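Protein chains: 2
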Amino acid sequence: MADRLIHDAAAVLSIGDELILGQTLDTNSAWLSARLTELGVRIVEHATVDDDCEAIASALRRLAGRARLVIATGGLGPTIDDLTRRALADALGEGLVEDGQMLSAIRLYFAARGTEMPENNRLQALRPESASALGNAQGTAPGLHARLEIDGASADCFCLPGPPNEMRPMFEQFVMPRLNPPAGGVIRTRVIGTFGLPEATIAERLGELMARLRNPVIGTTASGGTVSCRIRFTGAAEEADEAIAQAERAVREAVSPYDFGADDETLASATLKELRRAGERLVVAESCTGGGLGALLTDVPGSSDVFCGGWITYADAMKLGALGVDKSTLRARGAVSEEVAIAMARGALRAAEEAGAPAQHALAITGVAGPGGGTKDKPAGTVWIARASDRGGEIEVDARRFLFPGERRAVRLRSALTAMAMLRLALIGAGPVKLLGQQG
Amino acid sequence: MADRLIHDAAAVLSIGDELILGQTLDTNSAWLSARLTELGVRIVEHATVDDDCEAIASALRRLAGRARLVIATGGLGPTIDDLTRRALADALGEGLVEDGQMLSAIRLYFAARGTEMPENNRLQALRPESASALGNAQGTAPGLHARLEIDGASADCFCLPGPPNEMRPMFEQFVMPRLNPPAGGVIRTRVIGTFGLPEATIAERLGELMARLRNPVIGTTASGGTVSCRIRFTGAAEEADEAIAQAERAVREAVSPYDFGADDETLASATLKELRRAGERLVVAESCTGGGLGALLTDVPGSSDVFCGGWITYADAMKLGALGVDKSTLRARGAVSEEVAIAMARGALRAAEEAGAPAQHALAITGVAGPGGGTKDKPAGTVWIARASDRGGEIEVDARRFLFPGERRAVRLRSALTAMAMLRLALIGAGPVKLLGQQG
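Those protein sequence lines, which keep their order, are chains A and B. Here the working numbering is used: position 429 in the first sequence is 429, and no number is missing along the way. Here the working numbering is used: position 203 in the second sequence is 1203, and no number is missing along the way.
Think of the hints as simulated: they come from the structure by calculation, not from any bench. Quick caveat, the model's predicted, so the values are computed rather than measured. Glycine is no exception: its CB is placed at the ideal position from the N, C-alpha and C atoms. Watch out, some of these pointers could steer you wrong.
Unchecked claim - Okay, the calculated beta carbon distance ranges per label pair:
no. : chain 1 : residue 1 : chain 2 : residue 2 : range
1   : A       : 94        : B       : 1263      : 34 to 42 Å
2   : B       : 1177      : A       : 94        : 45 to 53 Å
3   : A       : 132       : B       : 1440      : 35 to 43 Å
4   : B       : 1265      : A       : 379       : 22 to 30 Å
5   : B       : 1263      : A       : 375       : 27 to 35 Å
6   : B       : 1207      : A       : 173       : 29 to 37 Å
7   : B       : 1178      : A       : 379       : 28 to 36 Å
8   : A       : 379       : B       : 1358      : 29 to 37 Å
9   : B       : 1113      : A       : 356       : 24 to 32 Å
Stated by the list, open to error - A few chain A residues that face chain B, going by a derived Cβ cut-off under 7 Å, partial list only:
no. : residue
10  : 21
11  : 210
12  : 315
13  : 337
Stated by the list, open to error - Quick look at which bits of chain A chain B covers, simulated, 3 or more residues with Cβ under 8 Å:
no. : region
14  : 77-85
15  : 226-236
16  : 279-293
17  : 339-348
18  : 352-362
19  : 402-413
Isolated chain A, as found in the complex (with noise of 0.2 Å):
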């Protein structure tokens, strides 16, 4: 019953024992299909196989029974358990010949690097005799394009480099001009991303427009205190802009002040934003997050106009001698307190100045990432965040004693978007607002 082929859409098949092992993580799924919804392609099934030649065969037949656009990634590498090209060759039923052109293209690549060809890499110029190979600007392996006929119809399959900066590329140039608009209209999305309240309080929020039949349906998925509401339209073109904008509304309204950004907008760029907004310049000050919240700041292009820059404490010392954090009150209250992280932001503040890249917001972090170290009074997961405000006058400061849940990474991704938070809404001056895992 699941094998009727699908029109205007696709199914994405990820090979490699390093994924079905569980070795590596995933990511060209998720990427492809974000893409494909983007542009209005229902995708039916992500299915991964291992290398092995007959499990890619089989499953590029069977995804080609059930969507007309199969993506396949991986497999296409110069060493020995790269099986995609043979897979697909036997999938079609033929055998292998080597594309010229392909075989110049990979010299090619490796002269303008100053090297000759490794032997192995003459593999990758092979292709099933009806394929067609697909040129890779960023690295070594082609890709290949063939039509499956599969009882009677036929799908387009695309194999793609396993890489993602090779089959990003790729697939934008390649398979993107080849996908026609759906018949039936089209799917529009938007993601509103919240920071700062469970799940459950969010969709108690949205109330009935999270009703399954509604038109744009609307969702929410949780992750680590970012609680993304997804709203998608599916129907006639010209409808789709002012279905998705009024949702959109409806939920900013619901969920206010929560609610930082859509789409690609991350709690990063939206507090960058209105640092820019108001002019105003941040500095870090981060013990138990070693870093992890300049660098969530700096992975948005173009920060460094409002993000000058701070101090990794994981030491101690480090937070007396760089922070001027006062030994005794580190030893009486611990380095995990209220007045340690207090200080530490005014620290910044003070330090920033000294160093000609003066900030008028100090952000510090301060806690127990576990598994280790915690205590009775302070177990794993308790953390310190302060922020200090410097814009005249007396300098502001706001510290809040948090429990996040999870393991390590969790809580050091946790802190930093909260600490985030913390700024993002002082500077829209949304007044007191508590935040997930606030204690007290």
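Add chain B to chain A, keeping to what the hints say.
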């Protein structure tokens, strides 16, 4: 043909619009696969479907026809788009009942946090009649276990919540005890991590070790400069340890000194281990990575004994003020230059000393992460990395220019990893070893 039940095999199903739309990365399939592989269970498939009751039910039945163990994650939340409970009931041909014990557990969860259960969460106490509910210590969503009969064969079907911090302990508690050791022996894996050589060169060095029909079978996977050599043994339990150890020795000999560790060891943990062995400490000075190097190092629990912290000198003023980089040098050579990288590293050693947190090594990174900011001489991806080491006597300096391919995120990650690799190779006394992306 693919619908035969495979004994001692498992299939993994991920459920969620956010996955099929590509808005969220599926980490659960990889984690479950890694755990199951370690436990000797063969994975036959990963599949992903959206929050659609029919799609979930039909995937559950299809996979139960292929493997005796099906693990599904997601769709157990408290909102109306969480449909796994109903889909499992449909797949079983049963109705849903409220589980009194689970309802009490959910109420208790909220009571322990000082709040009342939102009415939405009551949904989570529902289960198919013949299913049993599985307690969740980390959250409100109970899991479900049922036996699905397909064509006379029967599969154990576990539905676990999507959030990893809830799913993982529930897997250990409820699924693991039900796995029988495989009849034909065990699957044992080891991954040797290497950093700094291209995948094809690693493959050439491995040569015949990678032949497809050997046991253990050895394969490679590349990701951002790291090439993992995966060793997988299938056979009698008593032969596994020796076979794996032998293969590991052969792999390491072939790829030395680029091999940094096995299995869970990361380049960061390997670097920290060498520092610990030498009894030395590290500080960092980060420009284009913005804290990412510190964040990677402190991802490793217990890093504070050898990692003091550092300076995020994103704005040029911070390079001058906090690290004492010379203004005229910065003007004349630009922030992305050998001179500034060296001055940052030397400055970090000096500033750490002054702060009372002396270190023997400093790593400095300054580059053009892109997408903007590149010039003809210094295109996006150009990064200078300097190591300054003070082990008494003159300070030893090693500065290198790199050109890293890919997007901003890839360049930043590669920069941080390459800095660690430079230090690790120096600490093990590997001599001058060229690293991937190094210019000249």
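Taking the hints in turn, this is what the structure says about them:
1. One distance hint, 34 to 42 Å for the beta-carbon pair residue 94 (chain A) and residue 1263 (chain B), holds here, with the actual separation near 40 Å.
2. Roughly 48 Å separates the CB atoms of residue 1177 (chain B) and residue 94 (chain A), a value that falls within the hinted 45 to 53 Å.
3. Taking 35 to 43 Å as the suggested C-beta distance range, the pair residue 132 (chain A) and residue 1440 (chain B) conforms, at roughly 38 Å.
4. Between residue 1265 (chain B) and residue 379 (chain A) the Cβ separation comes to about 28 Å, which falls inside the hinted range of 22 to 30 Å.
5. Remark: the range hint 27 to 35 Å for residue 1263 (chain B) to residue 375 (chain A) is upheld by a beta-carbon distance near 31 Å.
6. Distance hint for residue 1207 (chain B) and residue 173 (chain A): a CB-CB separation of about 35 Å, consistent with the stated range 29 to 37 Å.
7. Distance hint check for residue 1178 (chain B) and residue 379 (chain A): the Cβ-Cβ separation is about 32 Å, which falls inside the suggested range of 28 to 36 Å.
8. Roughly 33 Å separates the CB atoms of residue 379 (chain A) and residue 1358 (chain B), a value that falls within the hinted 29 to 37 Å.
9. The hinted range of 24 to 32 Å is not satisfied by residue 1113 (chain B) and residue 356 (chain A), whose Cβ atoms lie roughly 46 Å apart.
10. A hinted interface residue such as residue 21 (chain A) counts as satisfied when its beta carbon comes closer than 7 Å to some beta carbon of chain B; here the least separation is about 5 Å, so the hint holds.
11. The criterion of a C-beta within 7 Å of any C-beta in chain B is met by residue 210 (chain A), whose closest approach is roughly 6 Å, and the hint holds.
12. A least Cβ separation of about 4 Å between residue 315 (chain A) and chain B falls short of the 7 Å threshold, and the interface hint therefore holds.
13. At a threshold of 7 Å, the smallest CB-CB gap from residue 337 (chain A) to chain B is about 17 Å, leaving the interface hint violated.
14. For the region 77-85 of chain A, the stated coverage by chain B holds: 5 residues have a C-beta nearer than 8 Å to a C-beta of that chain, and at least 3 were required.
15. With 3 residues having a Cβ less than 8 Å from any Cβ of chain B, the region 226-236 of chain A passes the three-residue criterion, so the hint holds.
16. Restraint check on the region 279-293 of chain A versus chain B: 8 residues with Cβ-Cβ distances below 8 Å, three needed, restraint holds.
17. Counting residues of the region 339-348 of chain A whose CB falls under 8 Å from any CB of chain B gives 0; the rule of at least 3 is not met.
18. As drawn, the region 352-362 of chain A meets chain B at 5 residues by the rule of a beta-carbon pair under 8 Å; at three or more, the given contact holds.
19. For a cut-off of 8 Å, the count of residues in the region 402-413 of chain A with a CB near a CB of chain B stands at 7, and the three-residue condition holds.
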